[in-house]
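Residue numbers (full-length UniProt numbering): 1 to 157.
These are calculated hints, taken from the structure and not from any lab test.
The hints are all genuine.
Here are the computed lysine to any residue pairs in the SDA-like style, where the Cα-Cα straight-line distance is at most 25 Å:
#  : residue 1 : residue 2
1  : Lys-120   : Arg-146
2  : Lys-120   : Asn-143
3  : Lys-120   : Thr-145
4  : Lys-120   : Ala-144
5  : Lys-120   : Gly-155
6  : Lys-120   : Ser-132
7  : Lys-120   : Ala-148
8  : Lys-120   : Ala-147
9  : Lys-120   : Gln-70
10 : Lys-120   : Arg-47
11 : Lys-120   : Gly-135
12 : Lys-120   : Gln-156
13 : Lys-120   : Glu-43
14 : Lys-120   : Ser-136
15 : Lys-120   : Tyr-139
16 : Lys-120   : Asp-134
17 : Lys-120   : Glu-152
18 : Lys-120   : Asp-151
19 : Lys-120   : Ala-94
20 : Lys-120   : Gly-69
21 : Lys-120   : Asn-140
22 : Lys-120   : Arg-142
23 : Lys-120   : Leu-97
24 : Lys-120   : Arg-138
Label pairs and their in silico Cβ distance ranges:
#  : residue 1 : residue 2 : range
25 : Asp-121   : Ala-26    : 38 to 44 Å
26 : Ser-63    : Asp-95    : 19 to 25 Å
27 : Ala-45    : Ser-136   : 29 to 35 Å
28 : Thr-78    : Ala-123   : 40 to 46 Å
29 : Asp-95    : Asp-30    : 17 to 23 Å
30 : Ala-26    : Ala-123   : 41 to 47 Å
31 : Ser-92    : Arg-138   : 23 to 29 Å
Predicted model only: the values in this text are computed from it and were never measured.
Each residue gets a CB set at the ideal place from its N, CA and C atoms; glycine is no exception.
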Amino acid sequence: MKRIPAIIVFLSVLAGCQKAEEATPAITVDAAFQPYFERFEAEGALRGLHIQLAAEQIGAVFSDELAAGQVGLCTQYTSGISIIEIRATTWSAADDLEREHLIFHELGHCYLGRSHDDTKDAAGFCLSIMQSGDGSCRYNYRNATRAAYLDELFGQN
Numbered sequence: 001m002k003r004i005p006a007i008i009v010f011l012s013v014l015a016g017c018q019k020a021e022e023a024t025p026a027i028t029v030d031a032a033f034q035p036y037f038e039r040f041e042a043e044g045a046l047r048g049l050h051i052q053l054a055a056e057q058i059g060a061v062f063s064d065e066l067a068a069g070q071v072g073l074c075t076q077y078t079s080g081i082s083i084i085e086i087r088a089t090t091w092s093a094a095d096d097l098e099r100e101h102l103i104f105h106e107l108g109h110c111y112l113g114r115s116h117d118d119t120k121d122a123a124g125f126c127l128s129i130m131q132s133g134d135g136s137c138r139y140n141y142r143n144a145t146r147a148a149y150l151d152e153l154f155g156q157n
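Let the sequences and hints guide you as you build the complete structure.
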């Protein structure tokens with residue numbers, strides 16, 4: 001039986017990025033997310049970008065405060081701090097590639113300033129890791145397609 005990736009379920013409710021005027025939280029990166037932050041920096045470096053997320057004041061935490069159905073959110077505060085919130089139950093159900101996709105998508109909002117992009121190819125597959133998850137295009141982030149998605153994410157296509 002073909003496994004339906006957990007990412008398909010939670011991509012249907014990605015909320016993107018929001019601005020916040022309220023008090024800014026402390027900047028922490030949960031240990032579960034740190035390898036993906038490092039991988040994001042490394043993938044950027046492979047594409048000629050010098051990325052230092054710690055210097056950019058971007059944190060990432062697990063949160064139960066997300067809206068119903070929401071699995072990830074980047075909040076950018078007026079102070080310049082950005083915090084990524086990830087639903088723990090979604091994270092625990094995801095495999096490594098799905099986790100990478102989720103963190104890279106949120107860093108696409110927080111660090112790269114990207115908006116959702118539901119552009120699709122003739123077969124209906126999403127052409128960007130920044131897909132909204134609303135079903136406008138089909139998820140296709142796999143080992144075989146990863147490099148093309150990352151090239152697009154980092155503006156290399």
